[in-house]
Amino acid sequence: MNLAFNGLTVVAVSAGAFFFMAGTVGLLRFPDALSRVHALTKADNLGLGLVVLGLLFQVEGPFAALKLISVWLLTLLAGATVTQLIARTARLGTSPF
Amino acid sequence: MSDATLYGLCGAVLVGLGLFGLIVNPLPLRKILAFNLIGGGVFLLFGVVARRGAAAGLGGDPIPHALIITGIVVAFAATALAIALLLRLFRETGRATLGSDG
Amino acid sequence: MAFDTGLAVLVLGVAVWTLAAHDTFAAVIGFVTYGLLLALVWVRLAAPDVALTEAAIGSGVTGGLLLGASTRLRRAEIQAAGEKPGATLRFAAVVLCTLVSAGLAAIVLLLPEPAPTLAPQAAASMAATGLGNPVTAVLMAYRAIDTLLETVVLLLALVGIWSLAPDGVWGGFPGRRHQADSEGVLTFVAQLLVPIGILVGIYIFWVGSVAPGGEFQGATILAAMWILVMMAGLVDAPPVSRRWLRLLLIAGPAVFFAIGLAGFAIAGAFLAYPVDYAKLLIVTIEIPVTLSIAATLALLVAGPPERAPK
Amino acid sequence: MVADFLLAAAGFVLATVAVGLVRILWGPGDDDRIMAAQLLGTGGIAVLLLLGQVVSLPAAVDVALILALLAAFVSVAFVRGTTRSETDRA
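Chains as they are written, first to last, in the numbering used here: chain A, 29 to 125; chain B, 19 to 120; chain C, 12 to 321; chain D, -13 to 76.
Calculated directly from the structure, the hints in this document are not laboratory data.
Do not take every clue at face value.
[Claimed, not checked] Derived CB-CB ranges, DEER-like:
#	chain 1	residue 1	chain 2	residue 2	range
1	A	36	C	131	36 to 46 Å
2	C	33	A	60	16 to 26 Å
3	C	319	B	111	15 to 25 Å
4	C	255	A	53	46 to 56 Å
5	C	131	A	42	35 to 45 Å
6	A	88	C	16	30 to 40 Å
7	A	60	B	106	39 to 49 Å
8	A	43	C	286	52 to 62 Å
[As the list claims (entries may be wrong)] Footprint (simulated), chain C over chain B, 3 or more residues, beta carbon under 8 Å:
#	region
9	24 to 30
10	34 to 45
Heads up, the beta-carbon is just placed ideally off N, CA and C, and yes, glycines get one too.
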């Protein structure tokens, strides 16, 4: 049982790490701000979500698990809205330069 | 070399880097940033002393930890005051430097 | 070990970038990153209380303050960018700073073995305070006078900032009035985040008596949430001459000082607590102190009055 | 065993996200810089959660919670900063 949980952790965290890498590659390679925002959102949502999922198999107690999930939800909500704000700034071209 | 020593050396270099920025950069806001970099380095040095004092089931000596927390808050207050002074200077002179000719 | 080496190198790299960036705005973003990485370092050094403080104040609120200042000073700084010190001064600075770093590094390498520590004493006396977090016990009991003076220092800094107000707006509204966002995204962010943030702030404050957390970290989050609703244009900052605001600001230090004085009568020394009531008294101090610190921090960020009181 | 893997994963995430720092270095616009800082923030949260599990420091989750909140706060300060400098210029 424990071994199975450890295996699930390894799989989920590895997948999460992969998405972080994908987000960084997108940030570096995509030509314009809007597609970079897209890449960033993917990394945010999936990478952290999978890492949290992996860690859920390790924590003890429902409160610790709840806190882990709320960290993810908070990042998701804040990240999505803020990314929208940045995307709007990029679209309107109101960069200070 | 232990992890604590490694971060101690990191803190030592940070203090030197921040001091350099404080002396060399002519813009006051950059000097404020450099001052905060020095602060981070000093706190790190102190934190290494705390980490080496781990005992009695605690991960570090709690007295330096409490002093570092106090230090971070006071450094913030000093930064806020410095920025208010700088913005007032800008309002009065229209300049963001400390040159004596303006 | 490899992880720690990488993290240390990353911290140094971000520090160099913060100093070397041409644009101050970019330097400030470097500084926010620096604070975030330091929070990771504090976790590695088994100092979660410090990590919480660094994440909240060192990175978050200081970052917001510096971002605001850098955008307001931007054009003036672009004009002033040409002024560079001479080669001699730069060389002297390199020599001096290398010596300082080398000296500190030598001290780190030559620290005494075994390391001096007060951890056993702190752990042994913790039972007398009724607290479960040694750092909070230090802040609120063994070195409570430091904490009391710190709350006063914060107030003095605020008085210093307020005294920078020009005559015409004396006692007026701090900072600029932010317009509510026309497309509603900022309003949405504020309405969504602020209730969660207040909950997290209270939780971090409350958990501080038994686990990492405490009044400074909780207060910083509450302050950040107040600044957030002001930035989103949902509420305006109050004029600094308001009586309720002044009372809120001094309530924490005043209660702290009063209970400290009462210590003479009930426990025989300034800021001494009788063992049976130690935890109750500490919590009685902490609640108003948290609210006062939160208000002070938010107003420190808001800056001196810029608009006349109505 | 799992702790070793989690530490390695933390190092990997930190390394990939640190590459995002190159974006901060190169800009060219402020949007790119704040985005890279945000990616670093999310990555930093992931690293914190992993580290907290490695060194069994449950409070690391609280640090992550604060970082998530204040990353949003800093981003709002950024957006306010850029739109405000726009009205300054007008």
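Going down the list of hints, with the structure as the test:
1. Range check, residue 36/A to residue 131/C: about 41 Å between beta-carbon atoms, so the 36 to 46 Å window is met.
2. As the Cβ distance of residue 33/C to residue 60/A is approximately 23 Å, the hint placing it in 16 to 26 Å holds.
3. Distance hint for residue 319/C and residue 111/B: a CB-CB separation of about 23 Å, consistent with the stated range 15 to 25 Å.
4. Distance hint check: the CB atoms of residue 255/C and residue 53/A are about 53 Å apart, consistent with the given range 46 to 56 Å.
5. The beta-carbon spacing between residue 131/C and residue 42/A, approximately 42 Å, falls within the hinted interval of 35 to 45 Å.
6. Evaluation of the 30 to 40 Å hint for residue 88/A and residue 16/C yields a pass: the beta carbon distance comes to about 31 Å.
7. Hint check: residue 60/A to residue 106/B, Cβ distance near 40 Å, so the stated range 39 to 49 Å holds.
8. Here the CB-CB span from residue 43/A to residue 286/C is close to 53 Å, well matched to the stated 52 to 62 Å.
9. Here's how the region 24 to 30 of chain B fares: 7 of its residues keep a CB closer than 8 Å to some CB of chain C, so the rule of at least three is met and the hint holds.
10. With 11 residues having a Cβ less than 8 Å from any Cβ of chain C, the region 34 to 45 of chain B passes the three-residue criterion, so the hint holds.
Every hint from the earlier list agrees with this structure, and none is contradicted.
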